[in-house]
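Colleague: Read off the chains here:
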Amino acid sequence: MQKDHLTAEERLLRQKNGLQQSIEHAYSNSPFYHQLFEKAGLKPEDFGKPEDFRSIPFTTKKDLRDAYPYGMAAVPLEQILRIHASSGTTGKPIVAGYTKRDLDDWADAVARICEMAGVTAGDIAQISFGYGLFTGGFGLHYGLERLGATVVPFSSGNTERQLSLMKDFRTTVLVSTPSFAIYMAEVARDMGFDPAEFGLRLGLFGGEPCSEAMREDIERQWQLKATVNYGLTEVVGPGISGECSERAGMHILEDIYYPEIIDPISGNVLKDGETGELVLTPLGKEGFPVLRYRTGDITRLIAEACPCGRTTRRMDYITGRSDDMIIIKGVNVFPSQIEEVLAGFREVSPHYLLVLHKQKGFIRDMEVQVELTPDGFTDRFKDLEALEGRIRTKLRSTLSLAPKIKLMEPKSLERTTGKAKRIIESEDQSLEQ
Amino acid sequence: MIKQISVFLENKSGRLVRVATVLGEAEINIRGVSIADTSDFGILRLIVDQPDKAIKELKDKGIMATVTEVVAMEVPDTPGGLAKVLSFLEEAGINIEYLYSFIEKPTHNAIIMMRVERIDDAIAVLEKNNVPLVGSDRIYSF
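Protein sequences, first through last, are from chains X and Y. As numbered in numbering that gives the first Met the number 0, residues 0 to 432 make up the first sequence, in order. As numbered in numbering that gives the first Met the number 0, residues 0 to 141 make up the second sequence, in order.
I should point out that these hints are in silico values taken from the structure, not numbers from a laboratory. Cβ coordinates follow ideal geometry from the N, Cα and C atoms, glycine included. There's no promise every hint is true.
As the list claims (entries may be wrong) - Here are the simulated SDA-like cross-link-like pairs (lysine to any residue), alpha carbons at most 20 Å apart as the crow flies:
| no. | chain 1 | residue 1 | chain 2 | residue 2 |
| --- | --- | --- | --- | --- |
| 1 | Y | K11 | X | L353 |
| 2 | Y | K60 | X | T377 |
| 3 | Y | K11 | X | V354 |
| 4 | X | K270 | X | L11 |
| 5 | X | K166 | X | E218 |
| 6 | X | K357 | X | V330 |
| 7 | X | K48 | X | R291 |
| 8 | Y | K55 | Y | R14 |
| 9 | X | K381 | Y | V21 |
| 10 | Y | K58 | X | P409 |
| 11 | Y | K11 | X | S411 |
| 12 | X | K357 | X | E426 |
| 13 | X | K403 | Y | K11 |
| 14 | Y | K83 | Y | V124 |
| 15 | X | K410 | Y | V21 |
| 16 | X | K405 | X | R391 |
| 17 | X | K2 | X | H356 |
| 18 | X | K381 | Y | G41 |
| 19 | X | K405 | Y | V21 |
| 20 | X | K15 | X | F46 |
| 21 | X | K410 | Y | V124 |
| 22 | X | K405 | Y | G13 |
| 23 | Y | K55 | X | G375 |
| 24 | X | K48 | X | E259 |
| 25 | X | K403 | X | P334 |
As the list claims (entries may be wrong) - Among the chain Y residues that face chain X by a calculated CB cut under 10 Å, a handful are:
| no. | residue |
| --- | --- |
| 26 | L8 |
| 27 | K11 |
| 28 | R14 |
| 29 | I42 |
| 30 | I62 |
| 31 | M63 |
| 32 | Y97 |
| 33 | R114 |
| 34 | R117 |
Start from the sequences, fold in the hints, and give me the full structure.
Modeller: Printed below as a string of C-alpha cells:
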C-alpha cells in the first residue's frame, strides 16, 4: 500500500499534522489529558516543532488503570460503538473504547498488516484467537474481511473440531498464538493427521512472544510461512506493526502510530537502533486517545531500508519488559534474555531462578539457578562444570555479563500455576569488608 | 563390571538422608558409598545389592540418578598393594577418573571401585597382570 512507501519528509509531515490533531483533540475533549496539560503548564499551541512533543508527560499503564472504566474517553459514550479490555491479571483491566471511525481505521490497519504478511483476497483465514474483550479475535477478523479474505471465526479452544474444520474448509491462513499453533500440531498428530498435509500457507502469530525456535518448529510442522505481528489494547489492539515477507523486524504503520524509543530509567528519547522502551502515540484516535503511551516493551527501531521496498521503520522483536529490567554493573538485563539462552540447552529445564546478590542496595552479582534434566546429568564433575561453563559463555555473549550458574535438582525450584516468581534478592553481609 | 548408582545432590540439608531413606524403604542394601562435592552440589556414588531396582525407586521419587559402570578389584590390604595395581594402568596409559574402597569382611582384602576412561582396556590390563577382579555377583549378593 502507498502509505508504507512514504518518503521521510512525507512521513514527518503526516506525523506532525497527526500529532497536532491528536493533541488538540485530547486537550479539548479528554478530561484526563486536559488536566495533565494544565498541570504541566502546556497548551496545544505550544507544539510547533516535533521536538516540542517530547515535553508531554508519558501516559502509563497505571494512568489507564486509574481511569477505569471510562476516564480516558474523549467522546460521549453514545459515540462509542465497541469496548475492549485487557485481561487485568495484575489489577483492574484497561479499557479501550472505539468510535465508528476508530473501528474503521483499525480494520484498515490490520488489513495492511495482513497484506504485508502475504495474505490475499483469495485466502481462507481461520481465526483461532479468542473473540471477546481481548482485541486479537475481532481485530484480525475485521482486518481480514477488509482485505477481502474469507474469514472462519473459530475462536480459541475446541481443538479437535477446529482441526477437522480446518481440513474440510481447506483453510490457508492460520491466525493464533504461536503456542496454540504448536499445540494444534500435536493434537493433529494424535488424531492421525500430518499437519503438513493441511495445506496451510501462512501463519499470522501474535498475542505472545514467538522465539525463533518456536517459529521454526511451527513452520516445519505445518509447512507454512510464519510471520509475527504486534499490538496492544491500550493503543488499539493488533495492527500496530507486523512482518513483511522479509521477516526482518516488524514494519510500523508510521502514518497512524508515532513511535519513540526511550531509556526506561531517564525517559530520554533514544536514537534509531538503540534499545529501550517503546512509546506509542496513535494519530487520529477518537474514542480513548492516548499520547506517548509507555508500552513497557523493550525493542529498538530499525531505520535501514527493508528489501521489500517499504519505507516504514521497523521495530525489532520484543526482548523484554521494562518492568522486568534488572541493572547489574551498569548492564541492562532482562529475564527473557536468560530464558531464551537456557531454552537452547537440553541439559537444563526451562525453570530457573535469578538470585540477585545485593550489597548496600546495589546488585553486585547475579546467580542463575537452573534445574538439570536427565540429559544433563552425568557422573562426571568435569561434564557438569563444562555445562555450567557453556551456559555462562552463552549468557556472556547475550548479556555482556557472566553470571554464576548453579545447577539444581529437578523440581527443586518452586512451581506456581500463575505467574512464576523468577527473581529473588539476597542481601549479602559477608561481602561487606 | 559393576553397576554403580550416581545421584546428583544439591548441597542442602536432608538431601542425603532422603536418598538413604528411599533405598531403605525399598529394602535395598547399600554395599559401598562415596560422596564427592563442590561448593554447589555433590555426586553420591553407591554400590547396592539391586542396582536396577534402586535406580527405578530413585527416579520414581524424582531423584536424579544415573548408572555408571565401574570396575571392582581386590587389592591386598598391605602397604604398597594399591600402588602396584595402579602402576599397571599407568603404564597402559589408562586414566582413572576416581576410585574409592571398602573392606570386605571375610578376606581382609580391600575392594577398590574404580571408574576409568577406557573400561574394556582397563579390564584387559588388570586381567593380564593377574589382578583379581570382583564380579557383580559377589558384590551384589554378599
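Colleague: With reference to the structure, classify each hint as holding or not holding.
Modeller: Do the hints match the structure? See the list:
1. A distance of roughly 18 Å separates the Cα atoms of K11 of chain Y and L353 of chain X; the hinted pair therefore holds under the 20 Å criterion.
2. A C-alpha spacing of about 19 Å is found between K60 of chain Y and T377 of chain X, which places the hinted pair at or below 20 Å, so the restraint holds.
3. A C-alpha spacing of about 17 Å is found between K11 of chain Y and V354 of chain X, which places the hinted pair at or below 20 Å, so the restraint holds.
4. With a C-alpha separation of about 16 Å, the suggested pair K270 of chain X and L11 of chain X falls inside the 20 Å cut-off, and the hint holds.
5. Taken as a hint, the K166 of chain X and E218 of chain X pair is honoured in the structure, with Cα atoms around 17 Å apart against an allowance of 20 Å.
6. For the hint pairing K357 of chain X with V330 of chain X, the CA-to-CA distance comes to about 15 Å; that is within 20 Å, so the pair holds.
7. At most 20 Å may separate the alpha-carbon atoms for a hinted pair to count; K48 of chain X and R291 of chain X meet this at roughly 16 Å.
8. Between K55 of chain Y and R14 of chain Y the CA atoms are separated by roughly 18 Å; this keeps the pair inside 20 Å, and the hint holds.
9. Proposed proximity of K381 of chain X and V21 of chain Y is contradicted: the alpha carbons are some 28 Å apart, above 20 Å.
10. Taking the CA atoms of K58 of chain Y and P409 of chain X, the gap is near 11 Å; set against the 20 Å cutoff, the hint holds.
11. At most 20 Å may separate the alpha-carbon atoms for a hinted pair to count; K11 of chain Y and S411 of chain X meet this at roughly 11 Å.
12. Of the supplied pair hints, the one linking K357 of chain X and E426 of chain X holds, its CA atoms being roughly 5 Å apart against a limit of 20 Å.
13. The straight-line distance between the Cα atoms of K403 of chain X and K11 of chain Y is roughly 18 Å, inside the 20 Å bound, and the hint therefore holds.
14. A hinted pair counts as satisfied when its Cα atoms are at most 20 Å apart, and K83 of chain Y with V124 of chain Y qualifies at roughly 13 Å.
15. About 17 Å separates the Cα atoms of K410 of chain X and V21 of chain Y, which keeps this hinted pair within 20 Å; it holds.
16. Using a Cα cut-off of 20 Å, the hinted pair K405 of chain X and R391 of chain X holds, with the two alpha carbons roughly 10 Å apart.
17. Of the pairs offered as hints, the one joining K2 of chain X and H356 of chain X is violated, with about 50 Å between alpha carbons and a cut-off of 20 Å exceeded.
18. Note on K381 of chain X and G41 of chain Y: the hinted pairing holds, with a Cα-Cα distance of about 12 Å set against a maximum of 20 Å.
19. Between the alpha carbons of K405 of chain X and V21 of chain Y the distance comes to roughly 25 Å, so the proposed pair goes past 20 Å and is violated.
20. About 9 Å separates the Cα atoms of K15 of chain X and F46 of chain X, which keeps this hinted pair within 20 Å; it holds.
21. With a C-alpha separation of about 43 Å, the suggested pairing of K410 of chain X with V124 of chain Y is violated against the 20 Å cut-off.
22. Simply put, K405 of chain X and G13 of chain Y have alpha-carbon atoms about 19 Å apart, close enough for the 20 Å limit, and the pair holds.
23. Note on K55 of chain Y and G375 of chain X: the hinted pairing holds, with a Cα-Cα distance of about 18 Å set against a maximum of 20 Å.
24. Under the criterion of a C-alpha separation no larger than 20 Å, the hint pairing K48 of chain X with E259 of chain X is consistent with the structure, at around 15 Å.
25. Between K403 of chain X and P334 of chain X, the direct Cα distance comes to roughly 15 Å. Compliance with the 20 Å bound is thereby established for this hinted pair.
26. With its C-beta approaching chain X no nearer than about 7 Å, L8 of chain Y sits inside the 10 Å limit, and its interface hint holds.
27. For K11 of chain Y, the interface hint holds, since its Cβ comes within 10 Å of a Cβ in chain X; the closest pair sits about 8 Å apart.
28. Nearest Cβ of chain X to the Cβ of R14 of chain Y: about 8 Å, under the 10 Å cut. The hint holds.
29. Against a cut-off of 10 Å between C-beta atoms, the interface hint on I42 of chain Y holds, since the closest Cβ of chain X lies about 6 Å away.
30. At a threshold of 10 Å, the smallest CB-CB gap from I62 of chain Y to chain X is about 8 Å, leaving the interface hint in force.
31. Contact between M63 of chain Y and chain X, as hinted, is supported at the beta carbon level, the nearest pair being about 5 Å apart and thus within 10 Å.
32. Interface hint at Y97 of chain Y: satisfied, since its Cβ lies 9 Å from the closest Cβ of chain X, which is below the 10 Å cut-off.
33. Hint status for R114 of chain Y relative to chain X: holds, with the closest Cβ pair at about 7 Å, below 10 Å.
34. About 14 Å separates the beta-carbon of R117 of chain Y from the nearest beta-carbon of chain X, more than 10 Å, and the hint is not met.
The structure fails to meet hints 9, 17, 19, 21 and 34 from the earlier list, while all remaining hints are met.
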